[in-house]
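Participant: We have chain S already, so just place chains P, A and G on it with the hints.
There are 4 protein chains.
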Amino acid sequence: MKRQVNIAVIGTGRIGNVHTRNLVRSIHEANVVAVCDIRLEVAQAVADELGIERVVKDYHELLEDKDIEAVLIATNTNTHAFIVKDAAKAGKQIFCEKPLALDLADVNDVLDTVEKTKVKLQIGFNRRFDKSFQRVREIVSSGEIGHPCILRITNRDPEPPSFEYVKTSGGMFLDMSIHDFDMARFQIGEIDEIYAIGSVLVEPFFKEANDVDTNIITLRFSNGVVGAIDNSRQAVYGYDQRLEVFCSKGVAIAGNEAENTVIMGNEVGYRSAKPPYSFIERYADGYINEVRQFLQCVVDDKPVSPTGEDSRMAVLIGEAAWESLRQNRPISLKKFTG
Amino acid sequence: MKRQVNIAVIGTGRIGNVHTRNLVRSIHEANVVAVCDIRLEVAQAVADELGIERVVKDYHELLEDKDIEAVLIATNTNTHAFIVKDAAKAGKQIFCEKPLALDLADVNDVLDTVEKTKVKLQIGFNRRFDKSFQRVREIVSSGEIGHPCILRITNRDPEPPSFEYVKTSGGMFLDMSIHDFDMARFQIGEIDEIYAIGSVLVEPFFKEANDVDTNIITLRFSNGVVGAIDNSRQAVYGYDQRLEVFCSKGVAIAGNEAENTVIMGNEVGYRSAKPPYSFIERYADGYINEVRQFLQCVVDDKPVSPTGEDSRMAVLIGEAAWESLRQNRPISLKKFTG
Amino acid sequence: MKRQVNIAVIGTGRIGNVHTRNLVRSIHEANVVAVCDIRLEVAQAVADELGIERVVKDYHELLEDKDIEAVLIATNTNTHAFIVKDAAKAGKQIFCEKPLALDLADVNDVLDTVEKTKVKLQIGFNRRFDKSFQRVREIVSSGEIGHPCILRITNRDPEPPSFEYVKTSGGMFLDMSIHDFDMARFQIGEIDEIYAIGSVLVEPFFKEANDVDTNIITLRFSNGVVGAIDNSRQAVYGYDQRLEVFCSKGVAIAGNEAENTVIMGNEVGYRSAKPPYSFIERYADGYINEVRQFLQCVVDDKPVSPTGEDSRMAVLIGEAAWESLRQNRPISLKKFTG
Amino acid sequence: MKRQVNIAVIGTGRIGNVHTRNLVRSIHEANVVAVCDIRLEVAQAVADELGIERVVKDYHELLEDKDIEAVLIATNTNTHAFIVKDAAKAGKQIFCEKPLALDLADVNDVLDTVEKTKVKLQIGFNRRFDKSFQRVREIVSSGEIGHPCILRITNRDPEPPSFEYVKTSGGMFLDMSIHDFDMARFQIGEIDEIYAIGSVLVEPFFKEANDVDTNIITLRFSNGVVGAIDNSRQAVYGYDQRLEVFCSKGVAIAGNEAENTVIMGNEVGYRSAKPPYSFIERYADGYINEVRQFLQCVVDDKPVSPTGEDSRMAVLIGEAAWESLRQNRPISLKKFTG
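Chains as they are written, first to last, in the working numbering: chain S, 388 to 725; chain P, 388 to 725; chain A, 388 to 725; chain G, 388 to 725.
So that you can see chain S by itself, here it is in the shape it has in the complex (with noise of 0.2 Å):
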């Protein structure tokens, strides 16, 4: 085995917690040296239990430690550009869960520290790393089913977060159909204009907030491929996670997984499983395969990938999603300055 490189986990919530057990239990390129979280007692927990000895609230103090390599940064969105700020200064290598802000000057201004302290940034958009998502796209790059025409994505989630969470979430664009701009991007290349629309149809707190619920976004690509995005914050069903390819020659599609393969039939027809509920347990792969490919680079120094770059698309993207639904119509992303 390679060396093993000491990182330490800022942010211990929801999403941390799973890097964290990720990184100790299934991550052997990881010697887990320490984790940070404000809230002192929920880094505690987890070190506790996966037998993690550092445990501290400030997050500057593993910024200093020589020891640290690696951070892996899983706090609220809205810290993540100063502590990615903070830790390219201090020369660490940086792996920070999307985005890394809401506000596309914000970003400029992290990735201008970034490049001018040549630590490696890697985004968490763990979706790259599913396993059918790649096999749709090692199908379409082999071209033997011709090349990409139409991209579809759906991306819908079990249930609507709370009212304080979409208050400060950026909105829907931003907050979920994120995703899927960085996945359009990732399956056919950049985009050149975009068009969304959006109603509030499943929970009308949405409203207050300025948001939408349910959105459909199409796509006109730069090599004339077009697509089409639908998103909604609430299918009763399960999280909802397609997408397809429809190329010259064939099509490939990348269906929903389900709980178990069971189908039950009886005089009313046939039941089967419901996906997976949540992104944790849909991505779980993904969540463990971007953080090994991340170490990895850093062993071996290559680039990483997704880039801070790739995060300011998406952020862009999203930007001008909420342009174009706000002045219906269709937004040239080379004119768009966000």
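It is worth saying that the hints were derived from the structure and are not from the lab.
Among these hints, one or two may not hold up.
A pair counts as met if it fits within one copy or between any two copies, since identical chains are not told apart.
[Said to hold, decoys possible] Straight line, CA to CA, 20 Å or less: simulated EDC-like cross-link-like pairs of lysine to aspartate or glutamate:
1) K518 / E668
2) K444 / E595
3) K594 / E436
4) K389 / D435
Fair warning: this is a prediction, and the values are worked out from it, not measured in the lab.
Facilitator: Same frame as chain S, but now just chains P, A and G:
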């Protein structure tokens, strides 16, 4: 059994042939007394095979015949308008293939005549009579999965028509997407606004015809529902006909049919059968059911559906789609007058 | 088109009705000149609906008519033997519903007569003409998945027949499994040995009739392939018709068809449509294709298939299955003489 | 959290490695204090990777250690009997891989010892802990689809083991079908009678070993249910693991899992992914869940399941299967004493 309706078929080309065959073999409500085609030998061949006694070249002869109660019109699209008007003036009950005309003014003119003569006019939107699309509508209408939020329609032809055909087809939106516009109205209701993008990605001659071969159309319905249609002229794996209505408490999805049910597994995975190749196979039952319903309405003197107004709306939406593509902006149907 | 064959249908009950309808409406190779049923009014009703001119009560009248070249026999099973013999002696080409008789001696007697008269005799094992079962056979025959190793057949009726029917049906193996015995020979080849077990698990009156309503039959084929058939008289989710041929380099599986392609998802999972309810719907195409092939063989004077010998083997295996159940031991077909 | 159980793993080959990894990484109820293998370097490598401090060559050392409460035995099958006996005498709680022994007399001997010492003994029939097979059992047990009538199990390995392995494996029924015998009892209950046929169809060396590589086993259960198992040593499309319980009011079917959810369509049809290749991938969760349950039973002092008696029954049925094959007749388990 109720009385049979004396019916004549005008136009016995590809689709007229299908209708005549159905009328004779599967639709007991019909008594086919004559077939008509300007290519007399085409009509004669159909008549010979099916045992129909009367064959004429000029449809006016049939309109003068008092014993003929109904006509089924399956001639070239550009002749629908004047034949329907003539038939209406002659007091015949009319089943006409879609679209009534490619130009909204012509459609309005026909509908004026039909309204004055009080004859019935049913339009051949056969997909409304497909059992799976009907089942989706039933499920959604029942309310058991809440109210609709998102509509998705995939409609992809197995291969492009000839250049000759394309040139006079009215273009992709009026020739192909028009089915989807009607299906959208059938499933969800009236459309407020439409936005269309398209590309030439599979067959270069579409450019020459100022047409596209690939498109995505975004719909905004009066009830807040959002929708996306995607179309292609070339799905090499067969005729791709899928539909999804996502609702607040569930989802209803109509998938493709398959040539057979066989799954073959070997060292590279599983293989299963393609969808039926053409609309004639895929919608075989729909073609029968729509005409059967028409004849039952004639016998019982009940209103038919889909109506001339449905045809008018489909053409109007098709023209709006072209306008949207040309101007690259969403088009409000309320303000749009073709 | 080649010449049409003048054919008469003898027996116009449930299945005879299906055949007559198919002959008139879908099988252009046929000219239906007469129908016959001892319940004259049943034959008359069919003739009226389908426009058949001649209706008789006594089939001998038809056998004497020199203009009738072929007969399709769909009377009660216990009359097949003597009608086939009479028809053969009259020189008619014969299509007869399965089985020829419930008793092996009777079958042998019929086959002797047919052989002497040199007429064609095709047996109505319609499942051989199902497109999915044929596709499995094609795949396996092609050798692309190696040689066959295991055969599995599932054949389950939607609901039990009446007690009256069961009493004279020949029992489950001769009334129901007989189709599977023929299918097993069609897919794999000759059977050496059979072992059958059964229970009464869904309808107590089968006990009274010394019959079973649930069974599993193990087959050992001459080429070393092993097979298992399972049957039930009551599959409440519909007519369950599945087949699997497992081979040394892969597998071919024919699954059930479905009433429609709709999948509905809600908070308890996905729901999809049942298989077609009855053999008439499930094997609609098979009923047409088998008779079409028969008539083509008559016109071209080619050998028909499945033959009387196929019927004999199916009855022989059925009797051996009963013997196996009674003695609770495997029965070698080579030694078994019924 | 309840207290952790100090456990040692004896045998760290292929499956012992899986268990050790699971115990350390995924089973919080465990504290792995030592690993043991007669190939000390194998145990050492596992210990190094997983951070286990104690490594021994001779399992007796572990049995003498009072701090070790439980042992997990994953050595070669022919060593299970004496190690279990030694562990039982030492008062350890025991989890042992199946089967206890290949000879019924040996199994009985072990169970006598275990009974006297009152320790817990759980057998590693991991398929009982598969979520899909458990779901089938739940559905059937709930009574919502009536009572069971027919059981079908398909169990096919991706490729044959080595000749060396086969020679000492106990043969197909004791090495491979034994899982299905246990699953049959898990799903339906006790078996009265068994009939087995088999062939050598994929790998000639099975003949040399007086073994078969393909079989079908018919089961008659005490409650009247009938069942069929089919097994093959070579399913080139992957590890084929399916199960069906047909009931008086419906059916429950557990299908195969798939490597990914991607469907690819092209001009020859659709292609989808194979099942996982091996039992380690297919039953990954089952391996975790069975050991977790064992440890919970140890902590709560509850009875474990599957028990030594379950193992005894599976071996007995396996021996009866061999007897049936040799004598070519059904064997009553009640009369059969191995």
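Participant: Each of the hints needs a verdict: does it hold here or not?
Facilitator: Okay, the hints, checked on the actual structure:
1. Taking the shortest alpha-carbon separations for K518 and E668, both the intra-copy value of 14 Å and the inter-copy value of 15 Å come in at or below 20 Å.
2. Taking identical chains as interchangeable, the C-alpha atoms of K444 and E595 are never at most 20 Å apart, the minima being 35 Å within one chain and 67 Å between chains.
3. Taking the closest pair of Cα atoms, K594 and E436 never come within 20 Å of each other, the shortest separation being 41 Å inside a single copy and 53 Å across copies.
4. For the identical chains of this complex, K389 and D435 are inter-copy neighbours only, at 14 Å across copies versus 27 Å inside a copy, given an alpha-carbon limit of 20 Å.
Going through the hint list in order, the structure does not satisfy hints 2, 3.
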